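Asks: Listed here are the chains, written in short residue letters.
2 protein chains.
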Amino acid sequence: MTEAASRPTLEAVAARAGVSRATVSRVVNGGDGVREPVAERVRQAVAELGYVPNQAARSLVTRRHDAVAVVIAEPETRVFADPFFALQLRGISKELTAHDNQLVLLLTEGRDDHARVARYLAGGHVDGALVFSLHLDDPLPGLIHDAGVPTVFGGRPGWGDDGRTADATPSSGHDPGVVYVDCDNRGGARAAVRHLVDLGRTRVAHLTGALDQTSAVDRLDGYRDVMAEVPGASDPRLVVESDFTPGGGERAMRELLGRCPDVDAVFAANDLTALGALRVLRASGRRVPEDVAVIGFDDMLPVAMETDPPLTTVRQDIEEMGRLMARLLLRGLAGGRDRTAAAEQPPAAGGVILPTTLIRRASA
Amino acid sequence: MTEAASRPTLEAVAARAGVSRATVSRVVNGGDGVREPVAERVRQAVAELGYVPNQAARSLVTRRHDAVAVVIAEPETRVFADPFFALQLRGISKELTAHDNQLVLLLTEGRDDHARVARYLAGGHVDGALVFSLHLDDPLPGLIHDAGVPTVFGGRPGWGDDGRTADATPSSGHDPGVVYVDCDNRGGARAAVRHLVDLGRTRVAHLTGALDQTSAVDRLDGYRDVMAEVPGASDPRLVVESDFTPGGGERAMRELLGRCPDVDAVFAANDLTALGALRVLRASGRRVPEDVAVIGFDDMLPVAMETDPPLTTVRQDIEEMGRLMARLLLRGLAGGRDRTAAAEQPPAAGGVILPTTLIRRASA
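Line order of the protein sequences matches chains A and B.
UniProt numbering numbers the first residue of the first sequence as 1 and each following residue consecutively.
UniProt numbering numbers the first residue of the second sequence as 1 and each following residue consecutively.
Hints listed in this document are in silico derivations from the structure and should not be mistaken for laboratory results.
Don't take each hint at face value.
One copy or two, it doesn't matter: identical chains are merged, so the pair holds either way.
[What the hints assert, rightly or not] Computed list of lysine to aspartate or glutamate pairs in EDC-like fashion (alpha-carbon distance at most 20 Å, straight line):
(1) K94 with E319
(2) K94 with E48
(3) K94 with E109
(4) K94 with E241
(5) K94 with D112
(6) K94 with D264
(7) K94 with D66
Quick caveat, the model's predicted, so the values are computed rather than measured.
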């Protein structure tokens, strides 16, 4: 095993250069107040010994790591199975790399590990955090707040600045002033359901996402907005709870066909749910879109192009969402050091909402 | 943005408890030498103020972070596209979580970012590193060595303790004493090629992996071992270089059919390469296995089960490989603190080689 024992110490550098530890420390950390000939001697000793400054010590001085944590509040198996996260990470990675910041992805087996994640965040290993896929009863936001790490959330957190009362509140005292990036979930859902109604469909169903996530709640609200406008359209049996996965979409679609065999349109909460629904519709002998029209959400490629038939869906720019989260965090961190850049600052709190677009393919 | 400014300081705890900063520090870091009534007062002040010890400061004392970095020497796009990495991470995540260690995945856009990764590793943010998918000319091993971080490698590194001279050596002075976990690449390849020969095939080809990785070189060597034993079997045109990806497999298979239209068997360096080869064989009107028998490597599920026809392949236990890497690293770290556990130590240097098994399905 490569061992740390042989690493040259600050003391060794000081001895070689014939100066004090404090002088070495000042030179290594870029501080002033050391005469140039002495500084040069220290730099030479550093080079000769191959001394690598301990960043834990250095960061106590500079308070900057050039590293940003990404926390996805899902088990690692889900992170690698759902292409949504890969796309979001792609945007984040590009933006952080362009600013020479290290992307530090903190993986977990599940919610039991969130306290450990918060400890790592509190431990002075990163400058800030990007957190997404929060669930309403997750203690993570409270723990992150207590850790005092600047954070940008992906998706509107479940406690709000929009007047809505969430089903649950974080575990500890929260400032409502959080920064988040989201897409227009409710508006996108409205556009999808209106399209189904405009096609002349009269039994329009909704397979929801995981309802402990605000994105799922907002999409359900968008569906309800439109159904409330159409006389006689609303029927609670047309709403089936699901969980954003293909397997969940299959189960929900089977339940829906049992409850309402006359269904003629389905708005699925995301493309993966639509994928599961399409499988069950095909197995039941129903034609899409002739018998049942189907619309998804995300426009996750290649999934949405490769379904049979290709999926009509609500597009959100997932990669751009990741990039924007990273940009807002980095600007906030820079602002903390350079107050002259105030015009470039993100808002101290609030959401940046990206637009959505209905993409028409063959399924509706 | 959630700001760090409001975080209670060590000074505040000291003031509240009526003791010195040094005393608070000793209590927080579990040190001795503080009388119990005083220690109790400090703990109470910590609880009342919600003080979170700065781990950068604490780690200077304890030198332990309970965090392990994972570095995959591939761009993040590749990490999320190739299920091999998801499986290895699954094993690592389970093992680290079982020991309450945080998995810190360091993602990059490419090799240009490896110096930054090494800086993070050197920065005192993790106790050790698990590094895999190394390429021979990558400076990362040298940088990691200089960083002085205990490391276990996944896959035999390209400089060796097996008498082989690698095509390239790391950038800086290396102890050859590295610990790694690998599977029996050469033996597995031999078993696959022998099976094809035993089926009576006389024109047995090999689509290689990326030859700047030892796993690809070892599998090619295994292929050559068997071909050298069969009189008249060797033909350099039967070896086509590829890169472990489905697209690379397609390109290599097309080239092979152009060179040797009489090919009747293909040993592909991994299952993804075989997947690409099967597509091209089907498009060319050849039946598998009747006209051309195909064998892959990895037994990556569900890929290998869902090819058409299901793939005969060499199984290695990828998840177990990840778990074992994590276990060896954690034991090494524990050994560094507890010399009495010497019997439980991993070897100071060398490889742990896991066995492989030929899995027969329909393709050969």
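Asks: Which of the listed hints are broken here?
Replies: 2, 4 and 6
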